[in-house]
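Asker: Residue numbers (the numbering used here), protein chains in the order written: chain A, 92 to 381; chain B, 9 to 227.
Source of the hints: derived by calculation from the structure; they are not laboratory data. Glycine included, each C-beta is placed from N, C-alpha and C at the ideal position. It cannot be assumed that every hint is accurate.
Which residues of chain A face chain B? A partial, calculated answer using Cβ under 10 Å [stated by the list, open to error]:
1) Y109
2) S111
3) D188
4) N269
5) N323
6) I326
7) Q333
8) E356
9) S357
Listed next, the stretches of chain B that the computed footprint assigns to chain A, with coverage defined by at least 3 CB atoms under 8 Å from CB atoms of chain A [as the list claims (entries may be wrong)]:
10) 77-90
11) 97-111
Some chain B residues well away from chain A (every beta-carbon gap over 12 Å; in silico) [stated by the list, open to error]:
12) A16
13) L71
14) P164
15) S169
16) R193
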Amino acid sequence: MAVPVTPGKALTGPPVTYNSDLERLEIELLLEGIFRHYGFDFRSYAYASIRRRLWKRIEAEGLRTISELQARVLHDPEMMERLLLDLSVNVTAMFRDPGFYRAFREIAIPLLRTWPFIRIWHAGCSTGEEVYSMAILLHEEGLYDRARIYATDINDVVLQQAKDGIFPLNRMQEYTENYIRAGGKQSFSEYYTAKYDGAIFSPTLTRNVVFSQHNLVTDRSFSEFNVIFCRNVLIYFDRELQDHVHALFYESLSMFGILALGSKESLRFSKYEPCYEKLHPREKMYRKVQ
Amino acid sequence: MTSAPTVAYSIVVVGTSWGGLHALRELVGDLPADFRLPTILVQHRHRESDHLLSTLLQERTRLPVSEVEDKAPIEPGTVYVAPADYHLLIDRGFFTLSTDPPVRYSRPSIDVTFYSAADTYGPATVGVVLTGANSDGSRGLRRIFERGGLALVQDPATAESPTMPAAAVRCVPEAKVLRIADIARTLTSLTPADPAATRGHAVLPDPGGNSARTAPGGA
Numbered sequence: 092m093a094v095p096v097t098p099g100k101a102l103t104g105p106p107v108t109y110n111s112d113l114e115r116l117e118i119e120l121l122l123e124g125i126f127r128h129y130g131f132d133f134r135s136y137a138y139a140s141i142r143r144r145l146w147k148r149i150e151a152e153g154l155r156t157i158s159e160l161q162a163r164v165l166h167d168p169e170m171m172e173r174l175l176l177d178l179s180v181n182v183t184a185m186f187r188d189p190g191f192y193r194a195f196r197e198i199a200i201p202l203l204r205t206w207p208f209i210r211i212w213h214a215g216c217s218t219g220e221e222v223y224s225m226a227i228l229l230h231e232e233g234l235y236d237r238a239r240i241y242a243t244d245i246n247d248v249v250l251q252q253a254k255d256g257i258f259p260l261n262r263m264q265e266y267t268e269n270y271i272r273a274g275g276k277q278s279f280s281e282y283y284t285a286k287y288d289g290a291i292f293s294p295t296l297t298r299n300v301v302f303s304q305h306n307l308v309t310d311r312s313f314s315e316f317n318v319i320f321c322r323n324v325l326i327y328f329d330r331e332l333q334d335h336v337h338a339l340f341y342e343s344l345s346m347f348g349i350l351a352l353g354s355k356e357s358l359r360f361s362k363y364e365p366c367y368e369k370l371h372p373r374e375k376m377y378r379k380v381q
Numbered sequence: 009m010t011s012a013p014t015v016a017y018s019i020v021v022v023g024t025s026w027g028g029l030h031a032l033r034e035l036v037g038d039l040p041a042d043f044r045l046p047t048i049l050v051q052h053r054h055r056e057s058d059h060l061l062s063t064l065l066q067e068r069t070r071l072p073v074s075e076v077e078d079k080a081p082i083e084p085g086t087v088y089v090a091p092a093d094y095h096l097l098i099d100r101g102f103f104t105l106s107t108d109p110p111v112r113y114s115r116p117s118i119d120v121t122f123y124s125a126a127d128t129y130g131p132a133t134v135g136v137v138l139t140g141a142n143s144d145g146s147r148g149l150r151r152i153f154e155r156g157g158l159a160l161v162q163d164p165a166t167a168e169s170p171t172m173p174a175a176a177v178r179c180v181p182e183a184k185v186l187r188i189a190d191i192a193r194t195l196t197s198l199t200p201a202d203p204a205a206t207r208g209h210a211v212l213p214d215p216g217g218n219s220a221r222t223a224p225g226g227a
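Looking at chain A on its own, in the form it has when it is part of the complex (with noise of 0.2 Å):
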């Protein structure tokens, strides 16, 4: 009943001859495998986002199914290595969402100054793009110095990316719209030095902040928080896992603590939005009360 594909397109993703109940089982298949031959556990992860990366996985490396990348994967501890950046490498950028940063400027800054010293849990932080935003936000407020971040992340290598602090030159236009447009009050480009085709910056901004691996699937709480900061973090994971990281972060916030997401992510679908009051119409920042 296939249609056949025209020979020479650049198609793009699973075959023609084609059923999306025997892929779920081979994506299945793959992701119980590596968890019990690695110790990754990508079993929970948002299946039509952990899909789309795999073909693309599978593309890059010239195979053609989903069981062609697991036998690969598991006898090829490189192979894997490369499917572990592509399946934990979250992308974001400087400032995203200006409008947010803004709200967290206006809306959860006063809160944090009631406070005599913050601490503030930056779970998935990826390249450490938006752990940077918020240093010089708090830089700007006059309360660097009473803060203490804990940037967390899965993955090793982004890790040491979001400690190097150097972000790709041909970015910082956007970041410095993206940073004007969410209320800052310097000059953006005070904060870093431009070098070839990076721009490096200042390492008082990172004076700190503690990087450190922490696995929000397996991992529990490790401290009490004034913030928790998760944005666009969560829309990888399914809803059960979701779930599980939203009861972790609820343990891990103080009373009054304040849990920030993505612009699309909601605690509409959790049962923990009745521990949580809102603090802004539409941006994703909520205030535990229960």
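Go by the hints and put chain B onto chain A.
Answerer: For chain B alone, kept in the frame of chain A given last:
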């Protein structure tokens, strides 16, 4: 089963860029208030766009217009707008968002949404390409057609920007090329699959045990 099964549809995905606002307003304005198929609109727009597009569309229809949030269920009789600066992926009965890199400079990418609709809902998918100034959507429409779905394209002669629909017709010569009013009429005439289809249960009768035709996942 002696007679050919009626083709029933579960989902409509629409892609557009330049000129899309007017085209989408016309399209949703032409859909009747009892239109049952969930209709997902992917429009290229600035990464900081807000709810203005949804508001302008809501003015033209009695169907509820909703900007998609992560893991939101796909409900019948609802118009969904892909949020700016995310890819919109479709799973069985719900949405998943992604911040993976832009595809050919676009996020949302129409192709990304079309692929995931086609691979999830197979022949129960309807793809529509409207006005636009690039060729996003062509490959995705091809995928929808190859999975047995229905491919509709706005007549490039009637489009504010003909590039995108013309590219779609080149990539899917079998697509039906129509004015927007006729696209709306075609959509209205389709038989909606049982709503269970949007929750991921098979609904189409299996014509002879060919798993590739079992809706909604197959083909």
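Asker: Indicate, hint by hint, whether the structure satisfies it.
Answerer: Okay, the hints, checked on the actual structure:
A cut of 10 Å between beta carbons decides the hint on Y109/A: the least distance to chain B is about 6 Å, and the hint holds. The beta carbon of S111/A is positioned within 10 Å of a beta carbon in chain B (closest approach about 3 Å), and the interface hint is therefore held. Of the supplied interface hints, the one on D188/A holds, with its beta-carbon coming within about 7 Å of a beta-carbon of chain B, less than 10 Å. Restraint check, N269/A versus chain B: the minimum CB separation of about 9 Å is within 10 Å; hint holds.
For N323/A, the suggested interface contact is upheld, since its CB lies about 5 Å from the closest CB of chain B, less than 10 Å. The beta carbon of I326/A comes within 5 Å of a beta carbon in chain B, closer than 10 Å, and the hint placing it at the interface holds. Against a cut-off of 10 Å between C-beta atoms, the interface hint on Q333/A holds, since the closest Cβ of chain B lies about 7 Å away. Of the supplied interface hints, the one on E356/A holds, with its beta-carbon coming within about 5 Å of a beta-carbon of chain B, less than 10 Å.
Because the closest C-beta pair between S357/A and chain B is about 5 Å apart, less than 10 Å, the hint holds. Beta-carbon proximity to chain A at under 8 Å applies to 4 residues in the stretch 77-90 of chain B; the threshold of 3 is reached and the given coverage holds. Figure legend: the stretch 97-111 of chain B, annotated as covered by chain A; annotation consistent (9 residues with Cβ-Cβ distances under 8 Å, at least 3 required). Listed as outside the interface, A16/B is consistent with that label: its C-beta sits roughly 16 Å from the nearest C-beta of chain A, beyond the 12 Å cut-off.
At the 12 Å boundary, the C-beta of L71/B stays outside the reach of chain A, the nearest C-beta of that chain being 21 Å off. Distance to chain A confirms P164/B as a non-interface residue, since its nearest Cβ pair spans about 21 Å, more than 12 Å. At roughly 24 Å, the least C-beta separation between S169/B and chain A is larger than 12 Å, which holds for a residue marked as non-interface. The claim that R193/B is not at the interface with chain A holds, since no C-beta of that chain comes within 12 Å of its own (minimum 26 Å).
In this structure, none of the earlier numbered hints is contradicted; all agree with it.
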